[in-house]
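**Q** Take a look at the letters that make up each chain.
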Amino acid sequence: MTTKQLLKVENLKQYFPIKGGFLGRTVNHVKAVDDISFTLNKGETLSVVGESGCGKSTTGRAILRLDEPTEGTVEFDGQDVLGLSKAEMRKMRSDMQIIFQDPYASLNPRKTVRQTLNEAMEIQSVVPKRERNDKIIELMETVGLQKHQIDRFPHEFSGGQRQRIGIARALSVNPKLIICDEAVSALDVSIQAQVLNLLKRLQSEMDLTFLFIAHDLGVVRHISDRIIVMYLGKIVEMGETKSIFENPQHPYTKALLSAIPVPNPKKKSERIFLRGDVPSPIDPPSGCRFHTRCPFATDKCREETPVLEAKDEIYEGKHTVACHYALDIQAGKHEAKYEMTNVRKALNE
Amino acid sequence: MSENILDINDLRTSFFVEGNEIKAVDGVTFQVPKGKTLGIVGESGSGKSISALSILQLIDDPGKIVGGSIRFKDEELTTAKGSRMRNIRGNEISMIFQEPMTSLNPVYTIGQQLREAYKIHQGLGKREGTKRAIEMLELVGIPSPEKRVDQYPYELSGGMRQRVMIAMALACKPELLIADEPTTALDVTIQAQILELIKNLQEEIGMSVVMITHDLGVVAETCDYVAVMYCGKVVEFADIETLFENPRHPYTVGLLNSLPRHDIDQDELVPIKGSVPAPDEMPSGCRFAPRCPHASDICRELPELETQEDGNDVRCWIYTEQWDGEKGVKVYDNETTS
Numbered sequence: 001m002t003t004k005q006l007l008k009v010e011n012l013k014q015y016f017p018i019k020g021g022f023l024g025r026t027v028n029h030v031k032a033v034d035d036i037s038f039t040l041n042k043g044e045t046l047s048v049v050g051e052s053g054c055g056k057s058t059t060g061r062a063i064l065r066l067d068e069p070t071e072g073t074v075e076f077d078g079q080d081v082l083g084l085s086k087a088e089m090r091k092m093r094s095d096m097q098i099i100f101q102d103p104y105a106s107l108n109p110r111k112t113v114r115q116t117l118n119e120a121m122e123i124q125s126v127v128p129k130r131e132r133n134d135k136i137i138e139l140m141e142t143v144g145l146q147k148h149q150i151d152r153f154p155h156e157f158s159g160g161q162r163q164r165i166g167i168a169r170a171l172s173v174n175p176k177l178i179i180c181d182e183a184v185s186a187l188d189v190s191i192q193a194q195v196l197n198l199l200k201r202l203q204s205e206m207d208l209t210f211l212f213i214a215h216d217l218g219v220v221r222h223i224s225d226r227i228i229v230m231y232l233g234k235i236v237e238m239g240e241t242k243s244i245f246e247n248p249q250h251p252y253t254k255a256l257l258s259a260i261p262v263p264n265p266k267k268k269s270e271r272i273f274l275r276g277d278v279p280s281p282i283d284p285p286s287g288c289r290f291h292t293r294c295p296f297a298t299d300k301c302r303e304e305t306p307v308l309e310a311k312d313e314i315y316e317g318k319h320t321v322a323c324h325y326a327l328d329i330q331a332g333k334h335e336a337k338y339e340m341t342n343v344r345k346a347l348n349e
Numbered sequence: 001m002s003e004n005i006l007d008i009n010d011l012r013t014s015f016f017v018e019g020n021e022i023k024a025v026d027g028v029t030f031q032v033p034k035g036k037t038l039g040i041v042g043e044s045g046s047g048k049s050i051s052a053l054s055i056l057q058l059i060d061d062p063g064k065i066v067g068g069s070i071r072f073k074d075e076e077l078t079t080a081k082g083s084r085m086r087n088i089r090g091n092e093i094s095m096i097f098q099e100p101m102t103s104l105n106p107v108y109t110i111g112q113q114l115r116e117a118y119k120i121h122q123g124l125g126k127r128e129g130t131k132r133a134i135e136m137l138e139l140v141g142i143p144s145p146e147k148r149v150d151q152y153p154y155e156l157s158g159g160m161r162q163r164v165m166i167a168m169a170l171a172c173k174p175e176l177l178i179a180d181e182p183t184t185a186l187d188v189t190i191q192a193q194i195l196e197l198i199k200n201l202q203e204e205i206g207m208s209v210v211m212i213t214h215d216l217g218v219v220a221e222t223c224d225y226v227a228v229m230y231c232g233k234v235v236e237f238a239d240i241e242t243l244f245e246n247p248r249h250p251y252t253v254g255l256l257n258s259l260p261r262h263d264i265d266q267d268e269l270v271p272i273k274g275s276v277p278a279p280d281e282m283p284s285g286c287r288f289a290p291r292c293p294h295a296s297d298i299c300r301e302l303p304e305l306e307t308q309e310d311g312n313d314v315r316c317w318i319y320t321e322q323w324d325g326e327k328g329v330k331v332y333d334n335e336t337t338s
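As they're listed, the protein sequences go chains A and B. Using my numbering, read the first sequence as starting at 1 and increasing by one per residue. Using my numbering, read the second sequence as starting at 1 and increasing by one per residue.
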């Protein structure tokens with residue numbers, strides 16, 4: 001089977017200027033995304049995970065040019081996205097849609113479902129005017145809404161139903177790629193499962209490609225084919241879902257996975273506590289950005305930025321990690337500098 | 001059986017809006033054994049936070065406790081005087097909230113806020129208060145506490161603020177700590193720190209904890225007993241192992257089935273159909289019946305919370321003699337762990 005590349009992101013950087021001082025000059029930058037590259041194949045689900053401020057949402061927005069990226073290239077279906085004019089970009093967005101976290105904030109409260117979906121189709125002129133009504137009803141059925149709800153306003157729906165409207169709107173223009181930015185995070189678990197199943201079904205029926213941005217690793221394991229782990233604007237690890245969960249290489253990925261509470265009282269896992277908090281992306285640490293919290297860090301980590309690369313032949317280059325000592329740690333040749341399983345020791349360090 | 005520090009029986013708290021009564025908490029019964037952790041789980045609107053606020057009499061107009069009893073160490077709290085409640089709050093029962101930024105006063109330093117607690121509850125002066133504050137901050141793992149004590153909340157990160165809240169809540173070594181979604185707003189690595197910290201402090205002080213959360217993972221890791229709430233009622237009360245291994249109520253089973261897991265491979269999630277009914281469309285019988293895969297005619301009547309042979313409680317017709325359908329529920333398979 002040959003996989004077709006749909007999206008290619010290279011050396012993407014997104015710096016937000018900080019204005020200040022007497023004349024309101026740019027005094028510094030928030031380096032939200034700092035030089036990341038990845039590709040996304042047709043029909044697959046690639047998830048971007050990480051904690052608040054790691055740049056995962058910024059990545060999604062930069063690809064769609066909702067915020068103009070500072071540097072880098074984005075190629076979609078062989079076309080250079082960043083070089084397009086405004087009008088061309090608008091057209092391009094019918095292929096690339098986004099679903100946001102808060103469905104209430106992303107729907108116009110004064111428009112009914114019919115108006116919302118109609119507007120999307122009108123802007124992209126994908127469906128002739130007289131067929132639109134049928135298409136709207138078809139879309140509503142696809143996402144599990146009732147036909148009679150067509151003239152209702154967003155406030156008349158529950159959170160899960162609103163998210164379905166958001167999905168219907170994204171689907172209305174027949175996209176190839178959908179970026180789901182924390183699309184299920186605001187939902188209760190029973191509703192979240194409904195929406196996740198819906199997304200999976202739509203993907204196989206409509207041959208969709210997902211870039212799934214999320215912080216919940218349970219959701220991510222369930223839906224993704226491949227995973228990108230980000231920390232402070234950089235990719236620290238990237239690989240197939242199974243390989244990331246069962247054989248994490250980067251100390252940050254390991255800590256992240258060990259931190260998630262397991263819904264099984266009999267399974268008490270050894271937890272790795274990270275000291276301190278995520279540093280500010282304004283002046284990120286030199287070298288490896290994780291070194292301030294990494295128990296394995298050495299002088300080399302403080303000076304040299306590690307490259308994202310495959311460390312182990314077993315994964316045929318499919319699992320890459322940005323850590324100087326990934327292999328040594330795995331082999332037990334490089335030991336932690338302090339105890340990580342005691343929370344007091346880790347915090348007071 | 002160990003003695004219970006908190007015994008809540010048939011608690012009812014309603015909100016009176018435009019002539020309508022909205023029953024946020026509608027007959028909640030649970031016990032917290034001394035020194036143990038009770039988890040209250042449920043989805044948005046299930047009444048778990050309102051139950052907790054009711055314990056401390058923190059329900060404001062238009063809300064009101066309309067019935068039931070809350071016994072704390074054999075003292076009835078629903079009829080307690082305002083002055084007695086002020087004494088209990090912070091001294092004997094403390095609470096931490098979800099959003100630490102809104103619970104801390106932005107215009108006072110951390111030290112001033114901690115000192116206030118010591119002054120009110122223990123009559124400590126400024127110098128002693130500061131000394132205790134620094135000790136407390138160190139206890140909750142805040143680096144260089146002598147510097148932090150003079151800082152304002154905005155100068156601290158989210159995780160640190162929540163640790164300050166914990167320091168404040170534990171200032172007077174309370175016997176009961178109510179933690180309302182204490183880690184929901186935090187990243188998982190910070191959540192792990194906070195939960196472990198609460199657990200450690202609990203062992204040191206010997207306090208009991210009520211942990212309110214929507215996260216079944218947090219429950220599994222921190223709680224000894226669990227009350228599952230749905231639409232203002234407790235539908236199941238069980239010890240932690242039974243809840244995960246042998247859940248009884250179809251809602252509990254539904255929750256477990258719809259949970260995406262990071263620790264195992266799952267083919268498919270089995271969601272609960274439909275959504276939580278609006279307060280004005282509440283079914284008069286079993287609240288869960290419209291979404292329940294097992295629902296039968298009898299479910300139009302409200303089942304009682306009944307104790308089973310293993311001492312756990314469930315509110316479901318399936319476990320009564322009146323049930324004529326298939327016995328038991330489709331139980332979640334927790335053993336397919338990798």
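One should not assume that every hint holds.
Claimed, not checked - Subject to a maximum C-alpha distance of 25 Å in a straight line, what follows is the list of computed DMTMM-like cross-link-like pairs (lysine to aspartate or glutamate):
| id | chain 1 | residue 1 | chain 2 | residue 2 |
| --- | --- | --- | --- | --- |
| 1 | A | K200 | B | D263 |
| 2 | A | K4 | A | E156 |
| 3 | B | K273 | A | D102 |
| 4 | A | K200 | A | E270 |
| 5 | A | K267 | B | D310 |
| 6 | A | K200 | B | D267 |
| 7 | A | K242 | A | E309 |
| 8 | B | K273 | A | E119 |
| 9 | B | K73 | B | E203 |
| 10 | A | K266 | B | E281 |
| 11 | A | K4 | A | E44 |
| 12 | A | K42 | B | E241 |
| 13 | B | K23 | A | E156 |
| 14 | A | K266 | B | D310 |
| 15 | A | K318 | B | D263 |
| 16 | A | K333 | A | D312 |
| 17 | B | K23 | B | E3 |
| 18 | A | K266 | B | E245 |
| 19 | A | K147 | B | E18 |
| 20 | A | K135 | A | E119 |
| 21 | B | K199 | A | D134 |
| 22 | A | K111 | A | D80 |
| 23 | A | K266 | B | D265 |
| 24 | A | K267 | B | E241 |
| 25 | A | K147 | A | D216 |
| 26 | A | K266 | B | D224 |
| 27 | B | K327 | B | D239 |
| 28 | A | K268 | B | E281 |
| 29 | A | K268 | A | D283 |
| 30 | B | K81 | B | E99 |
| 31 | A | K267 | B | E204 |
| 32 | A | K147 | B | D263 |
| 33 | A | K266 | B | E92 |
| 34 | A | K42 | A | D95 |
Stated by the list, open to error - Just a sample of chain A residues kept apart from chain B, beta carbon distances all over 12 Å, derived:
| id | residue |
| --- | --- |
| 35 | G83 |
| 36 | M89 |
| 37 | P175 |
| 38 | D216 |
| 39 | D277 |
In short, the hints are calculated from the structure, not lab data. Ideal placement from N, C-alpha and C gives every residue a C-beta, glycine not left out.
**Q** Compare the structure with each hint and give your call.
**A** Consistency of the hints with the structure:
As the CA atoms of A:K200 and B:D263 are separated by approximately 20 Å, the hinted pair is consistent with the 25 Å bound. At roughly 41 Å between alpha-carbon atoms, A:K4 and A:E156 are farther apart than 25 Å, so this suggested pair is violated. With a C-alpha separation of about 22 Å, the suggested pair B:K273 and A:D102 falls inside the 25 Å cut-off, and the hint holds. With a C-alpha separation of about 33 Å, the suggested pairing of A:K200 with A:E270 is violated against the 25 Å cut-off.
A distance of roughly 23 Å separates the Cα atoms of A:K267 and B:D310; the hinted pair therefore holds under the 25 Å criterion. Between A:K200 and B:D267 the CA atoms are separated by roughly 11 Å; this keeps the pair inside 25 Å, and the hint holds. Taking the CA atoms of A:K242 and A:E309, the gap is near 18 Å; set against the 25 Å cutoff, the hint holds. Our distance criterion of 25 Å between C-alpha atoms is broken by B:K273 and A:E119, whose separation comes to about 30 Å.
This hinted pair checks out: B:K73 and B:E203 have alpha carbons roughly 20 Å apart, not beyond 25 Å. Among the hinted pairs, A:K266 with B:E281 is inconsistent with the structure: their alpha-carbon atoms are about 39 Å apart, more than 25 Å. With a C-alpha separation of about 10 Å, the suggested pairing of A:K4 with A:E44 holds against the 25 Å cut-off. In summary, the hint linking A:K42 to B:E241 is not supported, as the alpha carbons are separated by about 43 Å, beyond the 25 Å threshold.
For the hint pairing B:K23 with A:E156, the CA-to-CA distance comes to about 21 Å; that is within 25 Å, so the pair holds. With a C-alpha separation of about 19 Å, the suggested pair A:K266 and B:D310 falls inside the 25 Å cut-off, and the hint holds. For the hint linking A:K318 to B:D263, the alpha-carbon distance of about 21 Å falls within 25 Å, and the restraint holds. Straight-line distance between C-alpha atoms of A:K333 and A:D312 comes to about 16 Å, which keeps the hinted pair within the 25 Å bound.
At roughly 30 Å between alpha-carbon atoms, B:K23 and B:E3 are farther apart than 25 Å, so this suggested pair is violated. Pair hint A:K266 plus B:E245 holds up; C-alpha atoms about 10 Å apart against a cutoff of 25 Å. Our distance criterion of 25 Å between C-alpha atoms is broken by A:K147 and B:E18, whose separation comes to about 32 Å. Distance check on the hinted pair: A:K135 and A:E119 sit about 13 Å apart at the alpha-carbon level, within 25 Å; holds.
A C-alpha spacing of about 57 Å is found between B:K199 and A:D134, which places the hinted pair above 25 Å, so the restraint is violated. Between the alpha carbons of A:K111 and A:D80 the distance comes to roughly 34 Å, so the proposed pair goes past 25 Å and is violated. Of the supplied pair hints, the one linking A:K266 and B:D265 holds, its CA atoms being roughly 18 Å apart against a limit of 25 Å. Of the pairs offered as hints, the one joining A:K267 and B:E241 holds, with about 11 Å between alpha carbons and a cut-off of 25 Å not exceeded.
A threshold of 25 Å between alpha carbons decides the hint, and for A:K147 with A:D216 the separation of about 32 Å lies outside it, so the pair is violated. Of the supplied pair hints, the one linking A:K266 and B:D224 holds, its CA atoms being roughly 12 Å apart against a limit of 25 Å. Restraint check for B:K327 and B:D239: the C-alpha separation of about 22 Å stays at or below 25 Å, so the hint holds. Distance check on the hinted pair: A:K268 and B:E281 sit about 41 Å apart at the alpha-carbon level, beyond 25 Å; violated.
Our distance criterion of 25 Å between C-alpha atoms is broken by A:K268 and A:D283, whose separation comes to about 37 Å. A threshold of 25 Å between alpha carbons decides the hint, and for B:K81 with B:E99 the separation of about 29 Å lies outside it, so the pair is violated. With a C-alpha separation of about 24 Å, the suggested pair A:K267 and B:E204 falls inside the 25 Å cut-off, and the hint holds. Only pairs whose Cα atoms come within 25 Å are accepted, and A:K147 paired with B:D263 is rejected, the gap being roughly 39 Å.
Among the hinted pairs, A:K266 with B:E92 is inconsistent with the structure: their alpha-carbon atoms are about 32 Å apart, more than 25 Å. Only pairs whose Cα atoms come within 25 Å are accepted, and A:K42 paired with A:D95 is accepted, the gap being roughly 12 Å. Once the 12 Å rule is applied to beta carbons, A:G83 is consistent with being away from chain B; the minimum gap is 36 Å. Every CB of chain B is more than 12 Å from the CB of A:M89 (nearest about 33 Å), matching its label as outside the interface.
Interface exclusion of A:P175 from chain B stands, the closest Cβ pair being 24 Å apart, more than 12 Å. For A:D216, the condition that its CB be more than 12 Å from all CB atoms of chain B is violated, with the nearest at approximately 7 Å. Consistency note on A:D277: stated as away from chain B, yet its beta-carbon is not over 12 Å from all of that chain's, at 4 Å minimum.
When held up to the earlier numbered hints, the structure conflicts with 2, 4, 8, 10, 12, 17, 19, 21, 22, 25, 28, 29, 30, 32, 33, 38 and 39 and fits the remainder.
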